[in-house]
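The sequence shown maps to residues -18 to -1, 1 to 1023 in mature numbering (1 follows the signal peptide of the UniProt record, and there is no 0).
Hints are supplied without guarantee of correctness; some may be wrong.
What the hints assert, rightly or not - For each label pair, taking beta carbons as the anchor points, the in silico distance ranges come out as:
(1) N796 <-> V278: 44 to 52 Å
(2) N582 <-> D43: 49 to 57 Å
(3) D840 <-> K642: 48 to 56 Å
Unchecked claim - Computed cross-link-like contacts, DSS-like style, restricted to lysine-lysine with a CA-CA straight-line distance of at most 30 Å:
(4) K476 <-> K503
(5) K657 <-> K239
(6) K657 <-> K503
(7) K657 <-> K263
(8) K510 <-> K500
The set of hints was computed from the structure by calculation and includes no laboratory data. For glycine and all other residues, C-beta sits at the position ideal for the given N, C-alpha and C.
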Amino acid sequence: MKYLFILINLCLGCQTCAFENNNFSTVWANFTQDPQLSHATYSITILDNSTGNIVFSFNKDVGLAPASTLKTVTGAAAFHYLGKDYRYKTLLQYSGVINSFGDLDGFVYIVGTGDPSLGSWRWNETTSESILQRWLSLIDNKGIKTCRGIILDLSVWSGQTQTLPNGYTWGDIGNYFGAGSSALNWRENQFRIILSPGLAIGDPVTIVDIDHLPPSVTIINELTTGPPGIGDLTSLYLAPDGTYGYLRGSLGIDSGKKFSIGCAVPNPALSIAYEFRQAVKWPNTIPITVIYQKEVNATNRTTLDIHQSPSMSDIIYWFEQASINMYGEILVKTIAAMNNSSFNSVLPVYCETEHGIEQIAVATSDGSGLSPENRITTWAIARVLYDVRQRASWFSLYERALPTINGIRMKSGYINNALSYAGYVNHKVFSIITNNFNGETTRPLGTDENLSIILYNCQCLSTHIADLDILLTTYTPQILILTGVGSKIKQLPKISGYYWISQEGDNAFGGVAILFHKTLKTKLITQKTDFLLVELDILPKPIQLGAVYIPPGKPIPQDIFDTYVDKSFYIFGDYNAKHADWLCTNNNASGVQLRNWLDNTGCEMIYPNQPTSKRSTAEKIEKRNSFISQGNNIWKYVHSTFHPYAPSFKGLTTNNGIIKDHQIIADTLANYYEKHFETPIIDPNNISHIDAMKEYDVFTKQPNIPLEKITLIEVEKNWKRAQKKKSTDTEGLSAFLLHQIPLEYLQIITVAFNKIAETGEVLRSSKHAKTICLSKDGMYPEVNKLRPISLLSNFGKCFERIIHGRILKWCRENDIFIDEQSGFTAERRLQTRILSLVEDLRLATAANNRPSLVIFVDFMSAFDRMWHPALLKTLLKLEFPPPLLRWIFSWLNGRTMSIHVGNAVSRVIKLFVGTPQGSVLAATLFRLHVHFLSSYFMNLVCHLFADDLAIIISGALENTFTKNIAELERQAEIAMRILAKYADDNLLPVNINKTKALLVHDVVAPPYPKIKYKELPIEFVKRFKYLGVDITTKLGWGIYI
């Protein structure tokens, strides 16, 4: 179908004037006259990218089978309904009680919500190995040695047991591209069979190995060896939930000794359960049960782990790039469940409601396009593509997901006798479908996935390690080829998820190395100086891939190259060869030699579209050096501006007089704060203390959980947000200095942050605080009249702001913030809380006989005294995301500080409670810590702003003023008992000296209720400054006028 590509490349690539001449007409006429289309139906729609007007169309309203171009519509619908940040969750839970022997009198549950990436090799955090290892650790830490059974909870889709759409054909459903979809998926519901053809045509094909054979499945092999050139004509016939699979068809005799085919797992949920049971080393007598309906007592389970999938944008990327049919069916099922609609109505309804396309133009029976029953018009596909480009905020992610074919962003599709393309090219949107033509469109030979390969001539890796990290982090290639490695070739860095094959060179700049993703299987073929060739085991058959470095002035190793001329090979490298045919200004001897060899052998050269020689950019380098030499670099900012912080007080007042020596002051403060931040005393009779400590002790034994990948956008956003202060942090760096670093270097910081995120660890330097103290009482305050301020690592604070942003996002998505609470959050500002409190009081006291009592509660050093086990207990109750929760735990645990007074520094002291006040996380964690506080006062009005609590008790309209005062006293007594219980349970003491009461009324000389907290009277005031605003007994504004 060469004319189909000509249509896309020539006609769509032309401007409007192309349609005024015969270019398009000629190609279209040739296309329609192709003998392969003599009995075919075909349709084409081309829209203008800016207006949406039809540029050209033919049969645009005829519904045809779209094959995989239907995925463009499914991907758009998923972005629209689910959002780019949507994540699936898979839960590991248990029910019942664990006795002292580790016997669980209950069940272990694996709860699925349809995550298509669970166990996938495409992301490090989703691999089956990493998930099973984490679950094993959690089970071990919990002390579970055995249980009554493993239950697979597939109830998310309310009783739906069907794993395949109705339209899949019998010839497809046993093969990898016909894999079914479940609430619990595993390794993309695939397993692999390794085959070896016989010695002669007609001989049986041998099964060499089966990778991850599904449980209880038997493979019956009926394959025969076919003639050379036919490739893979094998099919596995294995029904959903089936136990016998039949391998039928033939395999070409030239297919190689280890030819791999992908097959569909008939019951992926069972595969998870069997592998999990094997990982925890439980006997096969432990039963496995599948449930499709929600259990009545499901709330009685304890959650051990919540695994989150990659983001929806990442899932859609691989859905489109690798054309994974199972992903499409999962996406449509998820949308159907969300909208409470039928599976087959999702895409038609989306096209009608969002794009104005009649539902009759979109008749689908799946979300992938594999079913030949699907019917959709090219107009519908093109319209969706146009609309999302014009209107969708997520379009850049959507476009990124589409494969690049012949330089064009488009999705291709092919099933038996159907071929299609849809995408974007040169200011146009297009969709082309042909059905029932006589061409080669058999099922795909192997996965339809492109290899991502990067070639990097690093010119001494030892000085370009950061560049290597940036390339891997930014592009996540499957293969990275390095030339000019240099001395680092002997000690290549370890890269998680990859492995090296390398060969030394014969000079200081020589050596080649290839980094392969661990999912790729390779075999070393040739190793010679500055040359490396490996066999890459991919479908439909292995290829040979090499790396070469040719030093300047040396000839190409033609004798080595000649060995592989008759094979499929790709040799990447730095040839140091110049020729005018490759956009070079002149030729050199190596270039002429290589050009002649290519002409003689018929091999082809892939060369960059711009010069890559260092010498070609010498002029730019000279200009840059000249710019720097004129003082345009960060070092011009490094001068005597940065002095040690000068204390805001001159000395300390103590029982022995005033201390002025800086070292003695620092040591005295260290003694005070060491006691201030010591481990609190636990009440062994307090149930809340016991429960909190139990959960805390269990949590300390759990492993770290990798964080979601940090993006450059997150780093840049939070880096710019930091205030450019000149005070130095714990590492002697100031934010002002760091902000002189060019933004390009944030890529390196992003790479470093992701290395930390992959381990779930905390930046070590950020756990120590350089503490300075500000006086709250003149030049010679007492130690308890100082406010400690933590100067934290600037790099650590940037990382913390990223975590903080994710916490706030989770809070918003889960409606965590309550109406009674404000502070340090968008749309929940200080003004909101003041106005809310005044309005509540104004409405309550509108009648003369109805006073209101306000108790302004002050928690003693609230941020400093936050007890970590109580915080952890609250976060667990809120179902805080496990990766973030584990990181917060590590961030709080093992913190230290030292006091700085002038040039004097105290000893390092350990902190066992509280959060550093210099961190953006402190206030947000405290807000979450007291999240349930207002619910304790169920019949009262509460206002919370960070650690400021105001309790309002109002009189009844039907009572006299005197009776209302008595009722206020009674309710206040109950409220103070509740407050005392909460404070004791959470080890959050109330400062009775700063806790005040205000009676709001319209009476000349009212009686006052008597209020006590733990038998201590609370002082009444006539005016109270609440969040900077004076509130009086009459709610008047006279003090401001």
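Hint check:
no.: 1; hint: N796 <-> V278: 44 to 52 Å; verdict: 24 Å, violated
no.: 2; hint: N582 <-> D43: 49 to 57 Å; verdict: 54 Å, holds
no.: 3; hint: D840 <-> K642: 48 to 56 Å; verdict: 32 Å, violated
no.: 4; hint: K476 <-> K503; verdict: 18 Å, holds
no.: 5; hint: K657 <-> K239; verdict: 72 Å, violated
no.: 6; hint: K657 <-> K503; verdict: 59 Å, violated
no.: 7; hint: K657 <-> K263; verdict: 47 Å, violated
no.: 8; hint: K510 <-> K500; verdict: 24 Å, holds
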